[in-house]
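2 protein chains.
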Amino acid sequence: MQYLKISVILVIWLDRRKIRDIMSKENFSNIVEIIKDGNITTVPEFYAGSCHSGIRKWKDDLSIIFTPLRTTTSAVFTTNKFAAAPIKVDKWQLKKSRNINAIVINSGISNACTGKEGYLNALETVKIAAENLDIGEQNVLVSSTGRIGVQLPMEKIKYGIEVCSKNLTRQGGGNAAKAILTIDKKTKEIAVKLKDQNPEIIIGGIAKGSVMIEPNMATTLAFLTTNVKISIKLLDKLLKDAVSVTFNCLTTDGCQSTNDMIVAVANAQSGVDVSKNNKLLRNFKTALYFVLESLTKKVAEDAEGVTKIIEIEVINSKSIHTAKNIGKKVANSLLFKTAMFGQDLNWGRIVAAIGSEGSNMDQEKIDLYFGDELIMKKGSKNDFDKKKTAQMMRDSFLRFKVDLNSGNFKAKILTNDITYDYIKMNAEYKKQR
Amino acid sequence: MQYLKISVILVIWLDRRKIRDIMSKENFSNIVEIIKDGNITTVPEFYAGSCHSGIRKWKDDLSIIFTPLRTTTSAVFTTNKFAAAPIKVDKWQLKKSRNINAIVINSGISNACTGKEGYLNALETVKIAAENLDIGEQNVLVSSTGRIGVQLPMEKIKYGIEVCSKNLTRQGGGNAAKAILTIDKKTKEIAVKLKDQNPEIIIGGIAKGSVMIEPNMATTLAFLTTNVKISIKLLDKLLKDAVSVTFNCLTTDGCQSTNDMIVAVANAQSGVDVSKNNKLLRNFKTALYFVLESLTKKVAEDAEGVTKIIEIEVINSKSIHTAKNIGKKVANSLLFKTAMFGQDLNWGRIVAAIGSEGSNMDQEKIDLYFGDELIMKKGSKNDFDKKKTAQMMRDSFLRFKVDLNSGNFKAKILTNDITYDYIKMNAEYKKQR
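Chains as they are written, first to last, in the working numbering: chain A, 35 to 467; chain B, 35 to 467.
Simulated from the structure, these hints should not be mistaken for lab results. Do not rely on the hints blindly, as some may be mistaken.
Heads up, the list lumps identical chains together, so a pair's fine if it works in one copy or across two of them.
[Said to hold, decoys possible] Here are the simulated DSS-like pairs of lysine-lysine, each with C-alpha atoms no more than 27 Å apart in a straight line:
id	residue 1	residue 2
1	122	161
2	446	435
3	458	342
4	150	412
5	122	399
Isolated chain A (complex conformation):
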């Protein structure tokens, strides 16, 4: 059994490496075309809408994403042990059916730490939506983001679903993208189509999140729509793989929400089976990765007070796991993040973070690059161009590379600096409620 596990993991690793290689070698623009102002309803036969149910004071707080067609739906959820009620209900729903026609999302209240009542409220939301949309209860998912420890006001939810389900349109994606936001400053939406493909294959997506900068009003949510025909098993795998190298490689402050979820709904409208041939499958993978990567970057850029986006690539590692962990150790080092804000190439902080990772490593094999400048060679300081690196530190996008020189795996982690505004935002959150 132990051996079986190991071999399965190895296969996944090898496959992930392949994905990364596809991404780095191929030019996205040969495969993917961005559709101007596109989002989830750019995909045929997807409808959406939003309304003001009254949970929040000033803005739309309830939205529905809908398709009348039979779907294949996959989702990934937070691993937080205090997973909110909607997460628990959705896991249960997806066990019953992968044919999801509607997702109901409320913002303002997360329905986390709400006990049995919260769970019953999430189930009740499913029921109300099924009645109003005239679909089966098993075909509905729910999603919440907002304050922890507060019960959903079910009268408002009911009113919201009744209003919203009557106003679902093929242009409603943008409104849904707005209504799922909480403290985000910008909407996050995208749609792409595969080039040279007839009938057209489109992937659309919307997201919310300033990446756990705020767990009471935070959460990362992403909803993807597409019109391909795809098996449950394949969509599960593609979504999991693409999330593992995009959203799961983003870290703002190392905190993890109780409500995170990413859902992909495929309604088969194009009639094209994505596994028809290898080229199509590869192009669809690339497009899915591109959509998730774009939404990830939009979330990173929206983090409070950010002045710099920082990429940490760890290469030539014994495993993807180690590469990811080392990258995250650096990305989550408060000392590193504050130094970046101060435009100080304090590489000792990077080294201390790398060395604090748990796995065996040989210090005397490790190289560290800032951009293309070799800062540390074989574990010791290298004579680098101080003038050039000082200039590079002023950029808003910083690239570091850690070469472990001990294997063939790699990972890329995205993060941002930590600034006065982050502290202000989070220390004074109470006053802003």
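Please build the complex by placing chain B on the supplied structure of chain A, with the hints as guidance.
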């Protein structure tokens, strides 16, 4: 083999639990008496001194702790893979002999990431000290704290050791306590004696650190002296156990230095064998814990910009390991730390941090207390006294308790809030060099 490991670990756990119990049940003041203005040289036959070797501009930067008597010496070191040269040399030294007579400490340069040259410089420091103090090379330890990636200026080190070794006095502990500091604001020193014990048994200690608030000029160092007679095996165990519930339960920003070390030197001057009887051994344990706990608190209080010290106790856990990990998840949550700075009892952030810990846990068993107020009961919000807790949030010492209700183990983690001054200090560090 697997079983052997598990049983050994269990024994250690049980023993640690015992230590904690001793600490909480017994009243320190019945066992330990603090000696006013005491430190390492309050212990008979220990000598110390410091001087200005020229590594740093304005302050003493080199110190020596010395005893002419035969000793038993134990040490614990950082687990950082980029451990500095002195750490590597000391581990080697202690393999050769546990009879350490002198420790040479320099501040200003950490001798980390300095390659072979750095290693040879640390060995050379040992040699110079042995010659000047007329002891064997195997009887010397070295310790460094300061900037990473810079070589030790050996002429200055040599000059410093020559001057310092001629000026070792029985009153020199205070000067050593000052010379080992870098960005610390206050010296950290203490000495205690066991009550009703004749001949007198004393434990002295000095420490430096603002807990990795600054890895280029940071590091936690602690040096303890005592005049008991003790076996290597027992001192190893007592030091490791006491450190595991004191210094290793302190976290300021989750970062880990390349140079951390804690050394305990016992010179047997009192002639009293600490394992003579159970009561004496228990009292000595308590005193050792008290000294390390006091130094830990002094380090926590000295962290940059701190306005609050926060204790997170995790009780009724399946294991000490889980209890510690959950406590550290909360203590290292940037969102939690900024909320504490803002005096905002944002308990959702605590819950999200608890839930992000990797082990299995049952949300519906978990209670959360702030002081004695029950904030969350069985995973759901409890109706607590908002006025009272708002008042309590203004204190400079905050106490949280997480009751997992699933075992018999517990751990206590100490941390502090994160403030504007932390960001300022670390972002603008370059300007302050």
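Going down the list of hints, with the structure as the test:
| no. | hint | verdict |
| --- | --- | --- |
| 1 | 122 x 161 | within (16 Å within a copy, 65 Å between copies) |
| 2 | 446 x 435 | within (9 Å within a copy, 37 Å between copies) |
| 3 | 458 x 342 | both (18 Å within a copy, 17 Å between copies) |
| 4 | 150 x 412 | between (56 Å within a copy, 11 Å between copies) |
| 5 | 122 x 399 | between (45 Å within a copy, 17 Å between copies) |
Figure legend: structure checked against the earlier numbered hints; every hint is met.
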